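Visitor: Make a model of the complete structure from these sequences and hints.
What follows is the residue order along each chain.
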Amino acid sequence: DTGVSQNPRHKITKRGQNVTFRCDPISEHNRLYWYRQTLGQGPEFLTYFQNEAQLEKSRLLSDRFSAERPKGSFSTLEIQRTEQGDSAMYLCASSREQWQQQETQYFGPGTRLLVL
Amino acid sequence: GNSVTQMEGPVTLSEEAFLTINCTYTATGYPSLFWYVQYPGEGLQLLLKATKADDKGSNKGFEATYRKETTSFHLEKGSVQVSDSAVYFCALSNPLLNAGNMLTFGGGTRLMVKP
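Line by line, the protein sequences give chains A and B. Take 1336 as the starting number for the first sequence in the working numbering and just add one per residue. Take 767 as the starting number for the second sequence in the working numbering and just add one per residue.
Hints should not be assumed to be uniformly reliable.
[Stated by the list, open to error] The list that follows gives simulated cross-link-like pairs (lysine to aspartate or glutamate, EDC-like), each with its CA atoms no further than 20 Å apart: (1) B:Lys843 to B:Asp820; (2) A:Lys1346 to B:Glu808; (3) B:Lys826 to B:Glu842; (4) A:Lys1349 to A:Asp1421; (5) A:Lys1392 to A:Glu1413; (6) B:Lys818 to A:Glu1432; (7) A:Lys1349 to A:Glu1413; (8) A:Lys1392 to A:Glu1403; (9) B:Lys822 to A:Glu1438; (10) A:Lys1346 to A:Asp1421; (11) B:Lys818 to A:Glu1438; (12) B:Lys834 to B:Asp850.
If you're looking for bench data, these hints aren't it; they were derived computationally from the structure. Just so you know, these numbers come straight off a predicted model, no measurement behind them.
Guide: Listed below in structure tokens is the structure:
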């Protein structure tokens, strides 16, 4: 069990550019979540996958954001035409769905995005 | 909808002092409650959890009791150490409302423990 990994750890980009982040969940975890955390705030839910299906998206996820999990393993989060307001820490978490038990989400170290 | 409110920080304590970080929530039904901790430069780690009323979660000397009557889940530790310096997040999930069990977090409380 190597934990949840995220790449890159840091990304600096210019406004208007596209960026893509990757998350590798704990193996055999069928649920994968993306959250966004701005400075001094708690994480906010963006979207989640059950296997390869994207089952829920927050209204925070504008149409410039897209997430995929093509084979039910790793996931990517792409932001198109970045804006300065997109600057934040993007967190990925994974969990294993458990029947009638409260599952635990395990978080990766995050990707810190700075849009200049 | 769901929401979590926790006391603002920073909280500054001397080593071996008693710690309380208040957390209250708003949710329908019977949410599960969590405390996560974020050490400097690291990701969020689950500290403890409670899944039903009157449950007490505990780990590493920290405790929190799920109080449905006061909709609270306050974090306590009897004697803090310098190594406990971190940001603490209270969170809930509400599987009856959200089949995906996504977490709703409070704003976080920074704890600084001085030797």
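Visitor: Against each hint, give a clear statement of whether it holds in the structure.
Guide: Status of each hint after checking the structure:
1. B:Lys843 to B:Asp820: Given that 20 Å is the threshold and the Cα spacing comes to 18 Å, the pair holds.
2. A:Lys1346 to B:Glu808: Holds. Lysine 1346 (chain A) to glutamate 808 (chain B) sits at ~17 Å (cutoff 20 Å).
3. B:Lys826 to B:Glu842: Holds, at roughly 11 Å.
4. A:Lys1349 to A:Asp1421: Between lysine 1349 (chain A) and aspartate 1421 (chain A) the Cα gap is close to 11 Å, so the pair holds against 20 Å.
5. A:Lys1392 to A:Glu1413: Distance ~14 Å between lysine 1392 (chain A) and glutamate 1413 (chain A) Cα, so the pair holds.
6. B:Lys818 to A:Glu1432: Status holds; Cα separation ~19 Å.
7. A:Lys1349 to A:Glu1413: holds (15 Å)
8. A:Lys1392 to A:Glu1403: Holds, at roughly 12 Å.
9. B:Lys822 to A:Glu1438: With Cα atoms ~17 Å apart, lysine 822 (chain B) and glutamate 1438 (chain A) stay inside 20 Å; holds.
10. A:Lys1346 to A:Asp1421: The given pair, whose Cα atoms are some 12 Å apart, holds under the 20 Å limit.
11. B:Lys818 to A:Glu1438: holds (14 Å)
12. B:Lys834 to B:Asp850: violated (27 Å)
Checked against the numbered hints given earlier, this structure breaks only hint 12.
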